[in-house]
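Based on the provided sequences and hints, a complete structural model is requested.
The listed protein sequences derive, respectively, from chains A and B. Quick note: the first sequence uses the working numbering, first residue 1, plus one each step. Quick note: the second sequence uses the working numbering, first residue 1001, plus one each step.
Hints listed in this document are in silico derivations from the structure and should not be mistaken for laboratory results. Every residue, glycine too, gets a C-beta built ideally from N, C-alpha and C. Hints should not be assumed to be uniformly reliable.
[Claimed, not checked] Dumping the calculated DSS-like pairs for lysine-lysine here, alpha-carbon to alpha-carbon at most 25 Å: (1) A:K105 - B:K1059; (2) A:K112 - B:K1080; (3) B:K1059 - A:K112; (4) B:K1080 - B:K1066.
[As the list claims (entries may be wrong)] Non-contacting residues of chain A with respect to chain B, defined by C-beta distances greater than 12 Å in every case (computed): (5) D14; (6) E17; (7) T33; (8) R48; (9) V53; (10) G59; (11) E67; (12) H74; (13) R79.
[As the list claims (entries may be wrong)] Negatives, chain A to chain B, calculated, CB over 10 Å: (14) R3; (15) T4; (16) I24; (17) T26; (18) G35; (19) S40; (20) K46; (21) L63; (22) L69; (23) E77; (24) R78; (25) L80; (26) T83; (27) K112.
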Amino acid sequence: MNRTYELMFIVRPDMAEEDLDKLISTLETAVSTSGGTVKSVERMGKRRLAYTVRRFHDGVYVLLTVEGLGGLIHELERRLRVTEPVIKFLSVRIDEEQKRLAKIKAIRDARKKVAPAPPAPAAEGAEAAPPTA
Amino acid sequence: MADETKASTATAEAPAVSEGHTQRPPSRGPRPGGGPGGPREGGRKYFRRKKVCKFCVEKIESINYKDVRLLAQFVAESGKIVPRRLTGVCTPHQRRLSCAIKQARNIALLPFAGRAM
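Rendered as structure tokens:
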């Protein structure tokens, strides 16, 4: 039922460090009040933007991974839209992608476990069987 | 003279008919195999060294909008997404790749347009 979202937003470069902390903690409280959980917060630092956004050439990137219901991301986006220092944001739903990756990984691990075991005894068996046949 | 020509044509046709209804083969469509990309590409040979999908070969499962270096390989200098007939990417991966590139463009990790094109 819970969906996992990845929310990346860009903050103007001339914002102070503690203001950024305040903003992130505000978002975190918003998440927990709506009944979600914050999986991780990653500050990717200052980066050069590929194009000018609101007359800025650099920006501080922040990546927030949250888990919650659908309405949660609606609320977070609304807050970000209103917050003045945030110049751009992008939210991506990632729980389907994670499921797919986990599935592929599980198949790969299962294959790896199956592969090493048989070759030792099965190789002898396989080599014995075909020559006779 | 007219009779001779008629006779010659008759003899010419006769063996053809006797061979068992072999008609003149139709043009068999465009040239055999068609030639990938059309045979009018300046006399290039058929298959120019089969390109493989980079993602299938290296078993990269997740194409994320965040790894700009990977995405930038498939973006031209003008900022356009390179078609898959040039990069050799397979269709499902190309679809995911273009989605990731568009997401990266939206979050200013990749430009919409590079040099003035």
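Okay, the hints, checked on the actual structure:
1. A:K105 - B:K1059: holds (11 Å)
2. A:K112 - B:K1080: violated (40 Å)
3. B:K1059 - A:K112: holds (15 Å)
4. B:K1080 - B:K1066: holds (18 Å)
5. D14: holds (17 Å)
6. E17: holds (21 Å)
7. T33: holds (26 Å)
8. R48: violated (9 Å)
9. V53: Violated: least Cβ distance 6 Å, not greater than 12 Å.
10. G59: About 7 Å separates A:G59 from the closest Cβ of chain B, which leaves it inside 12 Å; violated.
11. E67: Nearest chain B Cβ is 18 Å from A:E67, so the label holds.
12. H74: Holds, since 18 Å exceeds 12 Å.
13. R79: Per Cβ check, A:R79 is outside 12 Å of chain B; nearest 18 Å; holds.
14. R3: Since the minimum Cβ distance to chain B is about 17 Å, A:R3 lies beyond 10 Å and the statement holds.
15. T4: Correct as stated: the minimum Cβ-Cβ distance to chain B is 14 Å, above 10 Å.
16. I24: holds (18 Å)
17. T26: Holds, because the least Cβ-Cβ distance between A:T26 and chain B comes to about 21 Å, which exceeds 10 Å.
18. G35: Non-interface label on A:G35 holds, nearest chain B Cβ at 27 Å vs cutoff 10 Å.
19. S40: The assertion about A:S40 holds, with a minimum of 13 Å to chain B.
20. K46: At about 13 Å from chain B, A:K46 clears the 10 Å cut-off, so the statement holds.
21. L63: Not fine: 8 Å to the nearest Cβ puts A:L63 too close to chain B.
22. L69: holds (23 Å)
23. E77: holds (14 Å)
24. R78: holds (18 Å)
25. L80: Its Cβ never comes within 10 Å of chain B, the nearest being 13 Å, so this holds.
26. T83: Its Cβ never comes within 10 Å of chain B, the nearest being 16 Å, so this holds.
27. K112: holds (13 Å)
The structure is inconsistent with the numbered hints 2, 8, 9, 10 and 21, although it conforms to all the rest.
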